[in-house]
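J.: Number 603 marks the last residue of the sequence shown (my numbering); no jumps.
In short, the hints are calculated from the structure, not lab data. Beta carbons are placed, not taken as given, at the ideal position from N, Cα and C, and that holds for glycine. Mixed in with the good hints, there may be bad ones.
Stated by the list, open to error - Per label pair, the in silico range of CB-to-CB distance:
id	residue 1	residue 2	range
1	156	283	53 to 63 Å
2	175	126	28 to 38 Å
3	283	526	46 to 56 Å
4	83	369	19 to 29 Å
5	457	281	38 to 48 Å
6	175	88	17 to 27 Å
7	62	259	15 to 25 Å
8	328	457	20 to 30 Å
9	202	60	34 to 44 Å
10	202	391	46 to 56 Å
11	479	506	32 to 42 Å
12	545	346	29 to 39 Å
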Amino acid sequence: MKHFFNRRETIVTEALDGLLRTIGSGDLARLDGYPEIKVVLRADWDKSKVAVVSGGGAGHEPSHAGFVGKGMLTAAVSGEIFASPSVEAVLAAIRAVTGPAGCLLIVKNYTGDRLNFGLAAEKARAEGFAVEMVIVADDIALPDIAQPRGVAGTLFVHKISGHLSEAGKDLVSVAAAARAAAKDIISLGMSLSSCSIPGQLHEDRFGENDGELGLGIHGEPGVERIAVQSADKLVAVMAERLAGRLDTKADHALLINNLGSVPPLEMSLVANAVLASPLAKTVKFTTGPGSLMTALNMNGFSLSLIRLDAAREAALLAPVGPHAWMPAKPLVAPAVVPMAKAAGQSAAHRASQDAGTRRLIVTVCEKLISLEAALNGLDAKAGDGDTGSTVATGARSVLDRLDTLPLADPAATLGAVGDILSASMGGSSGVLLSIFFTAAGRALDAGASVPKALLAGLERMTFYGGAKPGDRTMVDALEPALKALDGNGLGDAATAARRGAEATAAMEKAKAGRSAYVGAGLQGVVDPGAHAVAEVFAAAATLLVTA
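Using the sequences and the accompanying hints, generate a full structural model.
T.: Below is the structure:
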């Protein structure tokens, strides 16, 4: 696994300085004890209020330093990657931010953190500081363990404690609220990969089709292996485990946390699955989905819930200074606005039937769907590997709407297919094919023959798209095929399309389309769009022979 870093010994200090350089204000500072003492603290701190200090090993960013600021943490103490900070580092933080109001330490339930923060608290008390410590143990992965881990639910305690401190509450009140909150938090994580540590050899313990349920935030193994399956089913497993520990009569806040490398697209899908599950019945507010307490680059997520009361609700909804925190938001159903219908649709666009046209469309669409994997494979060598999926999506959309097409009117059918592809395919392929079919439909409606109409569609497509023969695109197969169709018929068109597609394999570099961004080295690889065109003409020619 590859990482961006200079030296293992300076990863954490350089990252903390990068954070301080990019926050855009002078609100934060660090103590001058680098590299042993890694403490980020509020530069504007008023010591008349209770200081709220947390921390732990690095690798969980934006936790913990990213949550230092008004309304949250007063200071964060960082260790090396996944290693607890030293007693001296914690003690330095306490000394730096604690005044007469005292200090609350928020500690995740790991042995190293308990020992180092605990001894620092004892030493600070011996120096005359008022210090309280709350331990968060929110992980429910191992229900019978005496010391559950502290994971992302700890962030609820940061938020509640920081809010109460900002409001001027005393140390006894802040600590009591933090302890009570910690007892009412549950969390569970799931991942499809282990994380890798910069500068260390990485061996992924996961099988190709394995995930893990109930794993921690340091790459430690999960409680159980779980087969990779749909997101809905994976979320359902987690929701069932969490629901068994909830007070179903109470409202809860939900934190949806990215453990490191889940793409935002997938995190939003996970959020949708969670909020469509029975778990959502008890959820009043959500924080996330987002990266809040990560495990480096772990491809997983966690769910945390806290039981709400009026005070916690006010604390979680209160605005804060740190930009890394994602505000809690009430649940809302997706708003749906009806689409405006195109003006002036004629009766010709109403559904009608024609057996021959229907058979041709079904044959072509089924052929394109069958080519999905093969076209993706070709495109992976020359582009981003999605041509097959894009084309198959368009083909499926046409088949899904087959009964709504005006099949008895070829010109209207071409236009309708163009409309479907523009809405369903997306990307450049979808719009290019939509232009092709829309222009061809207009030409056919104006009296052109089918071959001439298709050539008119090609002319418009190449005008807007910019590709021409020799540029290594679908045009290399489509143009000779349509010219042969105009003069000789479908059989010759299929032959011409095949030759045109095969010719693209001899072209070392594309001059149009996304593969134009790929340098030389495409020789021997057939353009996927041209291959699709050749297969479509071959299927149509075969249909003509067997009809």
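J.: Taking the hints in turn, state whether each one holds.
T.: Evaluation of the provided hints:
{"no.": "1", "hint": "156 with 283: 53 to 63 Å", "verdict": "holds (57 Å)"}
{"no.": "2", "hint": "175 with 126: 28 to 38 Å", "verdict": "holds (30 Å)"}
{"no.": "3", "hint": "283 with 526: 46 to 56 Å", "verdict": "holds (49 Å)"}
{"no.": "4", "hint": "83 with 369: 19 to 29 Å", "verdict": "holds (26 Å)"}
{"no.": "5", "hint": "457 with 281: 38 to 48 Å", "verdict": "holds (42 Å)"}
{"no.": "6", "hint": "175 with 88: 17 to 27 Å", "verdict": "holds (23 Å)"}
{"no.": "7", "hint": "62 with 259: 15 to 25 Å", "verdict": "holds (24 Å)"}
{"no.": "8", "hint": "328 with 457: 20 to 30 Å", "verdict": "holds (25 Å)"}
{"no.": "9", "hint": "202 with 60: 34 to 44 Å", "verdict": "holds (40 Å)"}
{"no.": "10", "hint": "202 with 391: 46 to 56 Å", "verdict": "holds (47 Å)"}
{"no.": "11", "hint": "479 with 506: 32 to 42 Å", "verdict": "violated (24 Å)"}
{"no.": "12", "hint": "545 with 346: 29 to 39 Å", "verdict": "violated (59 Å)"}
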